[in-house]
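The residues making up each chain are set out below.
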Amino acid sequence: MADGALLRGTGIGKRYGGVTALDGVDVEVRAGEVLGLIGPNGAGKTTLMDVVSGAQDLDAGTLTLAGRPLAGAPWRRARLGLARTFQHPQLASELTVAENVLTGRLAARHSSVRGMAASMLRGLLSTATGRDECARLAADMGLDDPGRLAGELTLGEKRVLEVVRALAQDPQVMLLDEPFAGADATGIAAIMEAIRTVRRRGHGVVLIDHSVDLVASLAERVVLLDSGRVVFEGTPEECLASSEMRAVYFGGGYDRT
Amino acid sequence: MTVDRTRPAGALRRPPTAEAEAETEAGARAGAGRPAVGLPRAADRWPPLLGAAGLALVAAWAGGSAYHQDLAVLFAVYALIGLGMYVPFVMAGSLSMAYGAYAGIGAYAVLVAQVKLDAPFWLGWPAGCAVAVAVAVLLGLATARLSGFFLAAVTLLFGTAFQRWLVASEDLTGGASGMAAGAGPAVLGWHPGRGVLMAAGLLLVWAVAWLVDRLRRGAWGVTVRAAREVPLAVESCGVRTRALDLLALATGAAIASMGGALFATFQAGVTPETFTLDIVFLAVFMPLIGGLGTSWGAVVGALVVVETTVNLPVLDDSGKLVLTAVVLAVLLVAPNGLLGYLDRTRRRFAPGAVRGGRDGARG
Ligand SMILES: Nc1ncnc2c1ncn2[C@@H]1O[C@H](COP(=O)(O)OP(=O)(O)O)[C@@H](O)[C@H]1O
Ligand SMILES: [Mg+2]
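Sequence lines, in order, name chains A and B.
Read in order, the letters of the first sequence are residues 1 to 257 in the working numbering.
Read in order, the letters of the second sequence are residues 1 to 363 in the working numbering.
Calculated directly from the structure, the hints in this document are not laboratory data.
For every residue, glycine included, the Cβ atom is placed at its ideal position computed from N, Cα and C.
It is possible that some hints are incorrect.
One-sided and incomplete, this derived list gives chain B residues near chain A with beta-carbon spacing under 8 Å [as the list claims (entries may be wrong)]:
id, residue
1, Ala161
2, Arg164
3, Val167
4, Leu215
5, Ala233
6, Arg240
Using the sequences and the hints, build the whole thing.
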């Protein structure tokens, strides 16, 4: 694409019954860019991630990834190069750390039904396929024991594991929904490094957080969402200084807990 | 959706310190030099070895007694049906009730090959598998967009309809009286004896249990198991979970059909009453009794089921009652099944063995 936009959403609208969660949102992520998506609770950040990844259908608007239309079931969009994490981590609690990462890797390698059947047969020959590589990916992010069950991890470790699983897909655009919430300093550092890695590869990251400070230290651009609308878009510095920012965060009785 | 976020505000706002970054890098380096982890390979050798020993014991127990051989083969047939059920039910969480029908398809395929087509018996094996797979995929596709309840209901309906059809289609299936092959199976003019057939059946159980266990721990099996708990996350990784489920249903149907084929090969006959719904309900409990965490649980469960419902020298027809008592006892005392119980006991004496993830004892 001439304009360098990797992920582009135009006029996105989404209603839940009577609630308008998104109302004509335009957003774009460029190659090698971290886009911060901020806004108070209920602003529509998670909903935007859901309609982009296909977890929810959108009611209006269009999406493209690297110029191609982004539509259909989540697995189709993932295969176009999209990976995401969840605000409430979605991990198989009775599988190990390495096995959870393996899930992201299967899709990246064997996405077709025939490929899946082939991977079934390969599994018969060797159960170790990819396990060590997954264990290494997790260890790189500070999850040292690949044999631990995901259900036994702390919330922060679960967030790191979700990021590892997303990285295992080698996505073009990675969507992170509040990855720092509940993470400790080590986890935060690991996730930040992962974000920088994706950016270095020339891929894009959308980073949700409802605190501006961390986002500001990572993002090239920030989009401020309030009540389903984009109320400000610019550099983190511009955003922090903007009147919209003050209105949304300090005027509106924003609860920082 | 309001979100409760319990975290110290300071921890979040603190910029990543140099130490923290150095720490991660050190962790990365340690990880890179790490030996293969996650699954010690030595621990994987025990289940197949113990399974082989157990099956050898069954063969020794059967010996030359015709009745015992019948029981041993019945156990092998049940074990195969239980293993067939294990893949979609325990791993993928899809409850299909057509396993009696799949076994019936396998059995009738062997006899139709021999009696109607004058073909060698073994042709019925792959043919039965193919038909069972086709049926499983069709039923799976028909209910794919509905909840799991509809898969159970539709497959149940198919199971009963299939049995009616067996009775009604006399030309092909011999109707209510079933089919019998004039002579036993022959391979290139050689007629294996009952002892040989029984041993081959037990060997087949061993091979299938071993393969299913590897399937369970391979990348495909891991993804199937993950999709049972967090389907959206697995879909969002690019996996078409519907295709995963269909593959699991197809695999299970093929295995169960081999159970039926084994029965027909050994007994050289089958009737519409051979594989009824009863066997489906028994098959649901086999992994539960034996343990969900490994495919060998279905084999152990099959042994318990055959022992209690057929072999126990108590009053006729009380077998199901005994089995019910066994199931309740297992659920209360060893909710992870007999093998799960043994494994926990073993771990108490040899701690530190790391295994792959487990399958929970959920309905
Ligand atoms: N699955 C859903 N069903 C109904 N309403 C929803 C659902 N998800 C979100 N909402 C509503 O949509 C709005 C935006 O929510 P959300 O996207 O979760 O905000 P944020 O992530 O910015 O905190 C809120 O009013 C919320 O109550
Ligand atoms: Mg949210």
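Each hint, compared with the structure:
A hinted interface residue such as alanine 161 of chain B counts as satisfied when its beta carbon comes closer than 8 Å to some beta carbon of chain A; here the least separation is about 28 Å, so the hint is violated. Checking arginine 164 of chain B against chain A by beta carbon gives a least distance of about 33 Å; that is not within 8 Å, so the hint is violated. Annotation: valine 167 of chain B was flagged as interfacial toward chain A, and the flag is violated, the nearest CB pair being 36 Å apart, outside 8 Å. For leucine 215 of chain B, the interface hint holds, the least distance from its beta-carbon to any beta-carbon of chain A being 6 Å, beneath 8 Å.
Because the smallest distance between the Cβ of alanine 233 of chain B and any Cβ of chain A comes to about 4 Å, under 8 Å, the interface hint for this residue holds. Among the interface hints, the one on arginine 240 of chain B holds; its C-beta lies about 5 Å from the nearest C-beta in chain A, closer than the 8 Å criterion.
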